[in-house]
Every structure is written in C-alpha cells, then in structure tokens.
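Visitor: Working from the sequences, and respecting the hints, build out all of it.
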Amino acid sequence: MTTLPAPLLSATLDRHDLETAERWLADPQLGNDTRLTGDWENRFARWLGGGTARAFMGGRAALLAVVRALGLGQGDEVIVPAFSCQCVANAIRFAGASVRYADIETDSFGLDLDATRAALGPATRAILLQHTFGLPSRDTAGLLQLAHERGLWVIEDCAHALGARWQGRLLGTLGDAAVFSFERSKIITCIHGGMAVVHDPYAADQLVRLADRAPLPDDDSLRGQLASVVHDYWVRAAPERRPAAEVLPGLPAAVLPQMWPEEFEGVWLERYGQRMPSSLADLAGQQFARLLEILARRRAQAAYWRDWALARGWQVADPQPDGEPVWLRFPVLPPDDALKQSPEALAALAAELGVEIGVWFTTAAHPVAVDLPDCPVGLSAARRCLNLPTLLPAGHPHAAGS
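Numbering-wise, our numbering puts 74 at position 74 of the sequence shown, and it's gapless, one number per residue.
Accuracy of the hints is not assured; some may be wrong.
[As the list claims (entries may be wrong)] Label-pair ranges, simulated between beta-carbon atoms: (1) E149 - D374: 31 to 41 Å; (2) G142 - P28: 51 to 61 Å; (3) R242 - L346: 20 to 30 Å; (4) A303 - P239: 22 to 32 Å; (5) Q167 - D220: 38 to 48 Å; (6) P343 - Q258: 13 to 23 Å; (7) P343 - A394: 28 to 38 Å; (8) R383 - A347: 14 to 24 Å; (9) A311 - E344: 48 to 58 Å; (10) H148 - W308: 35 to 45 Å; (11) P335 - H148: 34 to 44 Å; (12) A303 - G395: 15 to 25 Å; (13) P249 - H16: 21 to 31 Å.
Please keep in mind that the hints were generated in silico from the structure rather than gathered at the bench. Ideal Cβ positions, reconstructed from N, Cα and C, are used throughout, including at glycine.
Guide: Spelled out as structure tokens, the structure:
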C-alpha cells in the first residue's frame, strides 16, 4: 500500500511540468504576455476541428466569455443541470443572465431530456449541455433536437470531458459553443485555466473582442499559480511525494485555492475576466501533448473501478454505446446516502482503497446549498454519489494492470 493516498487533484503533473513552472518563475516577466497564448488557442481549435478558441484564466472565465459572446444577459435564462458547481452559476450570473436548474439522470449524470423540456420558460435562451465526469450526456441527441426546435443556444460544458466523443465527434463540436477547463481537478491542468470555443460566426467576433480587451493576471497572482504547480507536483504527483509542510517554505508565493471565498457568495473576482498568459499556455499545451496517454490510463482505471463497484452491488454510470467517455473520475452510487454522509465511513473507505474519495457534487451548486425540490434525482445524487480517481500511481494495489 502506498504511504499517501492516490490523489484526485493534479495527478497529471510530471517532472517536465515542474521544470517548466520553475523556468517561468525564474523569468522576470513570468511569461505574463500573450506571445504563446495565440499559438495554444490555434492549436486547440485545429485539434477540435474548427471554431474560434480563446484561453482564459479558468473554465469559469471561459464560460463567462461564451455567455457574453452569445449575447446572453439581463432577462435571459440558461438551463443548468441540478448537479453542478457554484462557479458555473457565478459565470452565468456575472453576465447578467439567470440560472434555471433542471433535473438529471444517473446514467451519465447529465440533463434529463424530459426534465429539461419541463423547465423551459419564456425567458429560456440557452441550454448548458454538461458532460459530467467526462461522460457524453445520455440525452445529447434529444437535447440538441429540443434546442433546435426552440431556437436555443447550446453551450457544451466540457470541463470534465476533454477528448471525449459522441457518435465519433469530439465533445465541444456539437453545440454553438463550448468551454473546457484546465483546473487542477480536470483532465489536464495548469492549476487554473480554461478555453472558450464558439462556432457561430457573430459570436466568434464577439469572443475575439472580449479576449482582446481582457486583462492579464497581475504578477503576484501568476507567481502564485506557477508556485502552485511546484507545490502540487511534489505533494500530489511526484514519484517520491513530499509533505506540504516540507514544500511550502521553499515556494516564492502562496498556493492558490480551487475556489476563493468570494465565489461561495457569488461575488465578482477579477479572474473571471482575465486572459491566459504565455506561461500557463505553455504548461497547458505540453500536458495536452500527452492527452492520448492520459486518456488511455483513465479509461483502463475506469474499467477496473467498474468491476470493483459492481462486485459491491453499487450502481455505476451506464455510458451510451455511441459515446466514448474519458472518465475524469469514476462515479459510484452506493445503495443509500449513509456512506457519503459519514466522515468516518468515508475515511475508512479511503484508507481501505488507498485513494482520495471525491464527493462531487454535494449540491446542485457545489458546495453552496441550493433547495431544489423539483429536482429529486439531482438531490439524491448529491447525497449519494462518490467518485474515485482514475490516475493512480504505478504500483498502487488498485491501479489497473497492477
């Protein structure tokens, strides 16, 4: 058994990423310009097969840019699955639009078609098609058709789903726009970062204007993000991991959180409007070069966890045959909510497996409480759903192929 549990965060970082972060930290300018950002954006758009791509300081910032580029604002509603994150709601509301939650299904933890249809109202202008845990949404075909019939924008939330496909097409190419995330909990990471992609010509022009006007982060913030790469490599990803207490004193800046306190209150942060600088584009791009290797490992580990969960009698996701998931995490549904609601039981399971146990999502707007009596499936999933890491270190007793 490994001494430290297999992590949920930053597991894709390698020695090359560490060296790249240290190189940029040694640069007096920190790479705080866009010399490399445009190359990363163009590379991403070519890989996707089209669209206009612009990189921002987070998936949440990319979503805000997309919502604005599509012209959504005051008086407009966006349908969001009742199994999501507060960052999503913030981004939509910061544009002036409002969120209407619709219930989910638990085959893929995405929007349920019938529930979405019932949630539509006179102010609805867009549907957020969230591909949760990297699984193509079960009702993708029906949701796309519904949006077409009602004249609604479709925004694909691919924060969990970089590289996943549906009917042979990359997710992010099915709707009018898409957002991807490179946060430390995602398929690849530069600690915080995201990509906005739009396919509508008018919206593309708006996205370009928004990106051109977007400021870069201040040097202190960028230094903290690069220092977070160093921290997370040694604490979470290195073959010989070190305790945080040993790593922190040597860092040139404080480690950044996943979410800031203001976000829990729905308060604006400058990061929601900032462009990605060269140093982070460099980091994201070099991890992107390893995407196929990363996805192969995640898929193999998901197959292992599926067998493990079924042997326990637990419910697992049921991907559609026309989808190719990437399994950011492997979601499981124990028979009742007793396990997720017991810190002691969760700690015991984590110790038994030697992994960190994820609790995405604990509410419809994780981690902020939301009362949605009309979304019983989403609320049940929030009480029961646990998720397991899909990148385990070599030699771990539960690593696929060990």
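Visitor: For each hint, tell me whether it holds in the structure or not.
Guide: The hints, checked one at a time:
1. E149 - D374: 31 to 41 Å: The hinted range 31 to 41 Å is violated for E149 and D374, with Cβ atoms some 22 Å apart.
2. G142 - P28: 51 to 61 Å: holds, 54 Å
3. R242 - L346: 20 to 30 Å: holds, 25 Å
4. A303 - P239: 22 to 32 Å: Between A303 and P239, where Cβ atoms are some 24 Å apart, the hint holds.
5. Q167 - D220: 38 to 48 Å: The hint (38 to 48 Å, Cβ to Cβ) holds, given that Q167 and D220 are roughly 46 Å apart.
6. P343 - Q258: 13 to 23 Å: Because 20 Å falls inside the window, the suggested range holds.
7. P343 - A394: 28 to 38 Å: At 30 Å between Cβs, range holds.
8. R383 - A347: 14 to 24 Å: holds, 18 Å
9. A311 - E344: 48 to 58 Å: Cβ of A311 to Cβ of E344: about 23 Å, so the range 48 to 58 Å is violated.
10. H148 - W308: 35 to 45 Å: holds, 40 Å
11. P335 - H148: 34 to 44 Å: For H148 against P335, whose Cβ atoms are near 39 Å apart, the range 34 to 44 Å holds.
12. A303 - G395: 15 to 25 Å: holds, 19 Å
13. P249 - H16: 21 to 31 Å: With a Cβ separation near 24 Å, P249 and H16 satisfy 21 to 31 Å, so the hint holds.
Checked against the numbered hints above, the structure violates hints 1 and 9; every other hint is satisfied.
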